[in-house]
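Peer 1: Here are the chains, one letter per residue:
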Amino acid sequence: MNTNPDETRLALWLDDELEGAKLAEMDAWAADKPDQLAAREELRSYRAMMVENVPASIEPPFPDFFLSRVNQGIRDIRIAEEKAVAPVAAPARSFWRSWLMPAAACVGMVFAFGIGKQSREPAQKLTVVPSLAPAVYTPEEGVDAEWFSSSNAGATVIVLQGVSAIPDSTDFSETVYVPTARESDRTATRDAGKSNSAQQ
Amino acid sequence: MNKPTGDTSKPAQDPSGAAGKDPSAADPEEDFRLVGLAKAGDMRAYDELVVRHQGKIYAMIRNMVKNDADAWDLSQEAFVKAWQALPRFEARARFSTWLFRIAHNVVYDWARKRKIESAGELNDEIFDRNKIDASARTAPAFVESPDDALVNSELREKIEEALAKLTPEHREAVILKDVQGLSYKEIADVMDCTLGTVMSRLFYARQKLQALLKDEYESR
Amino acid sequence: MRSPFLPYLWLAGVILVSLLAGKALAQEDPGKAKIGKIEVTVYFATNGDPEAAGERAEQVSASTRERLQRESRLKFSHYRALGADKQDILRSYENWAQPLKPSDEILVRFETRTQPTADSVSLDLELWLARKKILKTDALLRDGRPLFVLGPEWRGGRLIISVALAR
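Protein chains in written order, with this note's numbering: chain A, 1 to 200; chain B, 1001 to 1220; chain C, 2001 to 2167.
Chain A extracted, bound-state conformation (with noise of 0.2 Å):
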């Protein structure tokens, strides 16, 4: 190369982005150029320096609530733009379709009726929006939850798979038990005091 290299040029090669024929160019044109050969090897320095020192990525503090964050954060953008559906409108109606429709509807809902009779398939159900069942994530190994709504139970439960055992040794002897009654414990109808019933 004999000629001097464009700045964009001169700054890959000193970023060492270059590769093949033209770093090779570079490198031939650098040869006898001792100061720029020094700026690269400083360059470099530099760079290590850099990228032994700033990381280029740091976890995230909590990385299994920061996921479940941006999953409700989907989750709420998916219920805003089902929310802001805005019903179809309605076409400018003629002279044919305002009664060639009604009488179609008319013969639309007896067809379907009858399909209906005679499908097995249970009628069509309102959708339910998954995005409002709750997230449930269960960061061990081996551990899985499942959830469900239990309208029996009037309760929304957690089922634990996998979950390791407490150490029957484990003691929690020390723990005072105070029943808190009507005031806060919503599953109570009455104060839950030691019986001597040998009941329950």
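Hints are supplied without guarantee of correctness; some may be wrong.
[Unchecked claim] Label-pair ranges, simulated between beta-carbon atoms: (1) B:Leu1212 with A:Pro139: 37 to 45 Å; (2) A:Ile79 with C:Arg2073: 23 to 31 Å; (3) B:Ser1153 with C:Gly2156: 49 to 57 Å; (4) B:Arg1092 with A:Phe148: 41 to 49 Å; (5) C:Arg2073 with A:Ser164: 18 to 26 Å; (6) A:Thr3 with B:Ala1211: 27 to 35 Å; (7) C:Ala2118 with B:Tyr1108: 36 to 44 Å.
[Said to hold, decoys possible] Using 20 Å as the maximum straight-line C-alpha spacing, the simulated DMTMM-like pairs for lysine to aspartate or glutamate come out as follows: (8) B:Lys1185 with A:Asp15; (9) C:Lys2032 with C:Glu2111; (10) C:Lys2086 with A:Glu174; (11) B:Lys1185 with A:Glu17; (12) B:Lys1185 with A:Glu7; (13) C:Lys2075 with A:Glu146; (14) B:Lys1214 with A:Glu41; (15) C:Lys2133 with A:Asp144; (16) B:Lys1081 with A:Asp76; (17) B:Lys1214 with A:Asp35; (18) B:Lys1081 with A:Glu81; (19) C:Lys2132 with A:Glu59; (20) B:Lys1214 with A:Asp144; (21) B:Lys1039 with A:Glu82; (22) B:Lys1081 with A:Asp64; (23) B:Lys1158 with A:Glu42; (24) B:Lys1185 with A:Asp16; (25) B:Lys1214 with A:Asp15; (26) C:Lys2132 with A:Asp168; (27) C:Lys2101 with A:Asp64; (28) C:Lys2132 with A:Glu140; (29) B:Lys1185 with A:Glu19.
[Stated by the list, open to error] Covered stretches of chain C (chain A as the covering partner; in silico rule of three or more C-beta atoms under 8 Å from a C-beta of chain A): (30) 2055-2062; (31) 2067-2078; (32) 2081-2094; (33) 2103-2114; (34) 2133-2147.
Everything labelled a hint here was simulated from the structure, so no lab data went into it. Here the structure is a predicted model, which means the values were calculated and not measured. Backbone N, C-alpha and C fix where the C-beta goes; we use that ideal spot for every residue, glycine too.
Please arrange chains B and C on chain A, whose structure you already have, making use of the hints.
Peer 2: Frame of chain A; chains B and C shown alone:
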């Protein structure tokens, strides 16, 4: 409540222990495959993309905003916006570069908003990520995470101080080039500017940084 | 004769009170406002010997027993209450419940996701067992509608963790 004491600044490490490596760089094709699935509605695929790239995005944003709490929130926002924009992603560039572009926009929108808000009084405490009530009765003691702190944390502090002296545009150019390893063209795409502007910003930013840190890397 | 300085003293007093009030307001953290309460209760459920739960375990109320038994996945012959903890839900801060205090074997971390309504609040909940995060969920708690988590085995039974809105 004891605050979590794990070092949130742990760099991603490959098996050799080298810090700062990009875990997804080895397989951009896998990103494209996951993007395809995510576009079709596979949320697990999108979760996988988040997990693959959250470290890079969080690191980049944290280096820009210098506040863990805001970086945490803004990183999530970036991934939510990325999900929204997924239909428009075309596999012409790396997915990570496209994500950096979104993160760039999120940070700049946030900075603009803060500029407006800071004209009045803004209670920064409420944005503190360590949102743990000191008066909470129950305070589980977190097990201290193993000490993976960088050996040369003093040097890192000096670098961060030097980076803080740059303008946001210069800082971002340096972070994208010298930390994240993007090419000039990719940086131009992320920062939505010309190649010439990228080069100019990098030139001045590095000049300033090298002047501030010359003693550090020359003594290595 | 009234002191000529009296108006100035009054003014100084007003200014001083205003400054103090302003300082107090500035120190108030709206994020720490209490917007509700939850109660976390741990039940021992077993088809075996309920006395395995220990002397201090309390019998549960009939309504609790009936409620749990109505759900097949939570149905056991016997229940005992091991412990409970009631904690405030804070506007912008997380909080923790430790129902088996002093043991930290079971902990529940919670943080509000939305402003509560008159009878419900949406929470980010984490269940920690043996200092490990086992479960994370975003629960919508409603008045009278708790969350039950069928948890780990212990002494021939299982622990059921109940999270409910409290007053």
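Peer 1: It remains to establish, for every hint, whether it holds in the given structure.
Peer 2: To see whether the hints hold, each was checked on the structure:
Distance hint for B:Leu1212 and A:Pro139: a CB-CB separation of about 41 Å, consistent with the stated range 37 to 45 Å. Range check, A:Ile79 to C:Arg2073: about 29 Å between beta-carbon atoms, so the 23 to 31 Å window is met. In this structure the supplied range 49 to 57 Å holds for B:Ser1153 paired with C:Gly2156, their Cβ-Cβ distance being about 51 Å. As the Cβ distance of B:Arg1092 to A:Phe148 is approximately 45 Å, the hint placing it in 41 to 49 Å holds.
Distance hint for C:Arg2073 and A:Ser164: a CB-CB separation of about 20 Å, consistent with the stated range 18 to 26 Å. Range check, A:Thr3 to B:Ala1211: about 31 Å between beta-carbon atoms, so the 27 to 35 Å window is met. Against the hinted window of 36 to 44 Å, the Cβ-Cβ separation of C:Ala2118 and B:Tyr1108 comes to about 40 Å, which satisfies the hint. Straight-line distance between C-alpha atoms of B:Lys1185 and A:Asp15 comes to about 13 Å, which keeps the hinted pair within the 20 Å bound.
As the CA atoms of C:Lys2032 and C:Glu2111 are separated by approximately 12 Å, the hinted pair is consistent with the 20 Å bound. Distance hint between C:Lys2086 and A:Glu174 is fulfilled; the C-alpha atoms sit about 18 Å from each other, no more than 20 Å. Taking the CA atoms of B:Lys1185 and A:Glu17, the gap is about 11 Å. The hint holds against a cut of 20 Å. Between B:Lys1185 and A:Glu7 the CA atoms are separated by roughly 15 Å; this keeps the pair inside 20 Å, and the hint holds.
Restraint check for C:Lys2075 and A:Glu146: the C-alpha separation of about 16 Å stays at or below 20 Å, so the hint holds. The straight-line distance between the Cα atoms of B:Lys1214 and A:Glu41 is roughly 13 Å, inside the 20 Å bound, and the hint therefore holds. Distance hint between C:Lys2133 and A:Asp144 is fulfilled; the C-alpha atoms sit about 13 Å from each other, no more than 20 Å. The hinted pair formed by B:Lys1081 and A:Asp76 meets the criterion: a straight-line CA distance of about 12 Å does not exceed 20 Å.
The straight-line distance between the Cα atoms of B:Lys1214 and A:Asp35 is roughly 17 Å, inside the 20 Å bound, and the hint therefore holds. Between the alpha carbons of B:Lys1081 and A:Glu81 the distance comes to roughly 14 Å, so the proposed pair stays at or under 20 Å and holds. For the hint pairing C:Lys2132 with A:Glu59, the CA-to-CA distance comes to about 19 Å; that is within 20 Å, so the pair holds. A C-alpha spacing of about 53 Å is found between B:Lys1214 and A:Asp144, which places the hinted pair above 20 Å, so the restraint is violated.
Among the hinted pairs, B:Lys1039 with A:Glu82 is consistent with the structure: their alpha-carbon atoms are about 18 Å apart, no more than 20 Å. About 19 Å separates the Cα atoms of B:Lys1081 and A:Asp64, which keeps this hinted pair within 20 Å; it holds. Of the pairs offered as hints, the one joining B:Lys1158 and A:Glu42 holds, with about 18 Å between alpha carbons and a cut-off of 20 Å not exceeded. Restraint check: the Cα-Cα separation between B:Lys1185 and A:Asp16 comes to about 14 Å, which is no more than 20 Å; the hinted pair holds.
Our distance criterion of 20 Å between C-alpha atoms is met by B:Lys1214 and A:Asp15, whose separation comes to about 17 Å. Our distance criterion of 20 Å between C-alpha atoms is met by C:Lys2132 and A:Asp168, whose separation comes to about 18 Å. Pair hint C:Lys2101 plus A:Asp64 does not hold up; C-alpha atoms about 27 Å apart against a cutoff of 20 Å. At most 20 Å may separate the alpha-carbon atoms for a hinted pair to count; C:Lys2132 and A:Glu140 meet this at roughly 8 Å.
Between B:Lys1185 and A:Glu19 the alpha-carbon distance is near 15 Å, which keeps this suggested pair within the 20 Å criterion. Only residues whose C-beta sits within less than 8 Å of a C-beta in chain A count toward coverage, and the stretch 2055-2062 of chain C has 8 of them, enough to reach three; the restraint holds. Coverage of the stretch 2067-2078 of chain C by chain A holds in this model, with 8 residues showing a Cβ closer than 8 Å to a Cβ of that chain against a need of three. For the stretch 2081-2094 of chain C, the stated coverage by chain A holds: 5 residues have a C-beta nearer than 8 Å to a C-beta of that chain, and at least 3 were required.
Only when three residues or more bring their CB closer than 8 Å to a CB of chain A does the claim for the stretch 2103-2114 of chain C stand; here the count is 3, and the claim holds. For the stretch 2133-2147 of chain C, the assignment as covered by chain A holds, since 13 residues bring a beta-carbon within under 8 Å of that chain's beta-carbons and 3 suffice.
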